[in-house]
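Chains as they are written, first to last, in the numbering used here: chain A, 1013 to 1242; chain B, 1013 to 1242.
Hints are computed from structural coordinates only; laboratory data are not their basis.
Possibly wrong hints are sitting among the right ones.
Copies of the same chain look alike in the list, so a pair counts if it fits in one copy or across any two.
Here are the simulated lysine to aspartate or glutamate pairs, EDC-like style, with alpha carbons at most 20 angstroms apart [said to hold, decoys possible]:
id: 1; residue 1: K1072; residue 2: D1105
id: 2; residue 1: K1111; residue 2: E1186
id: 3; residue 1: K1021; residue 2: D1137
id: 4; residue 1: K1111; residue 2: D1232
id: 5; residue 1: K1111; residue 2: E1227
id: 6; residue 1: K1072; residue 2: E1062
id: 7; residue 1: K1072; residue 2: D1033
id: 8; residue 1: K1072; residue 2: E1227
id: 9; residue 1: K1072; residue 2: E1171
id: 10; residue 1: K1236; residue 2: E1115
id: 11; residue 1: K1121; residue 2: E1171
id: 12; residue 1: K1236; residue 2: D1105
id: 13; residue 1: K1236; residue 2: D1058
id: 14; residue 1: K1021; residue 2: E1081
Protein chains: 2
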Amino acid sequence: MANFHPPLKAVAFDAYGTLFDVYSVGATADRFFPGRGETLAQLWRDKQIEYTRLRTLCDKYVSFWQVTEDALTFACLRLNLTVTPPQRAELLDQYRRLKAYDENSGALKRLNAMGLPLAILSNGDPEMLADAVSAAGLGSHFDHLLSVDSVQRFKTAPEAYQLGPDALGFRPEEILFASSNGWDIAGATWFGYTTFWVNRTAQPMEQLGVRAHAEGRSLDDLVKFVAQRV
Amino acid sequence: MANFHPPLKAVAFDAYGTLFDVYSVGATADRFFPGRGETLAQLWRDKQIEYTRLRTLCDKYVSFWQVTEDALTFACLRLNLTVTPPQRAELLDQYRRLKAYDENSGALKRLNAMGLPLAILSNGDPEMLADAVSAAGLGSHFDHLLSVDSVQRFKTAPEAYQLGPDALGFRPEEILFASSNGWDIAGATWFGYTTFWVNRTAQPMEQLGVRAHAEGRSLDDLVKFVAQRV
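Same shape as in the complex, but just chain A (with noise of 0.2 angstroms):
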């Protein structure tokens, strides 16, 4: 990294796992399938994940919902779980009113007194992240709800995260990008965002010969940083 920073103008947030925390569906599936319910919710997730990157790479987008809803079966189907139609509702439903961790909504308005646009920038269609945001009561911290589904390819696709720059109206090193999956800040960070690393479960760095510029815990460690750098 360079020894000058560009002062930060802007902070992009990634969605899922970074503002909304995808396991919380395991609690839900758990109650359905005692014992399995952690195991169903990360296969689920990783599929999910996989599904996105597939599609992209052969140009083959559908809805981030319909991604959802594929691999969730393909989940169950691989677990051997019969899942009803009621019980997979409610999974799904789940997935449109994710609990936020607790720190977001106090990190989110110091950043607003900051001064500095706030976005969010993810996989999810606009439906999902309208009913995530406004579920978590989080809609008034940010000015604008990104979404791939304007661009037909999911990150970690350039497309994706031109995104940003685009909506702020900044160059990608004055916009930092915050994100809890490691794979979402290898992307970011050779896209040409500043990067942060919401490392909430003290993972090790992807081995992909690239680095955040800033990691931390929580949001609350964002803040910190932001303080830095503006």
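Chain A is already provided as a structure; the job is to place chain B on it using the hints.
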């Protein structure tokens, strides 16, 4: 699928998982880390595939050997396993001489007897492929060892699959593409190949809105299918 099937004029095989048993490294890993070898081998493989996709999406190609090294590094960090340099060298070396599946040799011989050109179309780099084929004694069966290294994009990118028609001189639908990996079958079917899923472990189909033209449990089943279609 339409009722008219063009006669098959060649067969292209995926290598890792299809001809060569990638989980055979688990045995070596288990010697080093008793009880955890299977987990290490699985995570290593998952990360290896994940890194091929992330790098292709972002146009950050490095060789499959490099990806294999990086994936091993991550898997050991993630599982908190300290691997000594000699252990690491032995694990990596396994990848150059993977166990071939038992039925390979006989099945390939029967396909040769039908007069069909045979190819390997793999993410592996040319040296890895040459070593693996030679170690398994399968070299004489193949007319082409096609590595995505020549296009610097891993499967499931269309540029990777295009290597088959280019080398074999047939249209994709005249070539039977065989893989044990469901995601590879999805990519190859989208591309236009006639596809045969060597579903060795009775996995459910990936939920990507596309299916193999035929399915079996081993290369012996593939030979039976080909015999009806030449």
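Verification of the supplied hints:
no. : hint            : result
1   : K1072 <-> D1105 : neither (25 angstroms within a copy, 37 angstroms between copies)
2   : K1111 <-> E1186 : neither (30 angstroms within a copy, 51 angstroms between copies)
3   : K1021 <-> D1137 : neither (26 angstroms within a copy, 43 angstroms between copies)
4   : K1111 <-> D1232 : within (18 angstroms within a copy, 50 angstroms between copies)
5   : K1111 <-> E1227 : neither (23 angstroms within a copy, 41 angstroms between copies)
6   : K1072 <-> E1062 : both (13 angstroms within a copy, 18 angstroms between copies)
7   : K1072 <-> D1033 : neither (27 angstroms within a copy, 30 angstroms between copies)
8   : K1072 <-> E1227 : neither (34 angstroms within a copy, 23 angstroms between copies)
9   : K1072 <-> E1171 : both (15 angstroms within a copy, 15 angstroms between copies)
10  : K1236 <-> E1115 : within (13 angstroms within a copy, 60 angstroms between copies)
11  : K1121 <-> E1171 : neither (29 angstroms within a copy, 46 angstroms between copies)
12  : K1236 <-> D1105 : neither (34 angstroms within a copy, 45 angstroms between copies)
13  : K1236 <-> D1058 : neither (31 angstroms within a copy, 35 angstroms between copies)
14  : K1021 <-> E1081 : neither (37 angstroms within a copy, 38 angstroms between copies)
Checked against the numbered hints above, the structure breaks hints 1, 2, 3, 5, 7, 8, 11, 12, 13 and 14 and satisfies the rest.
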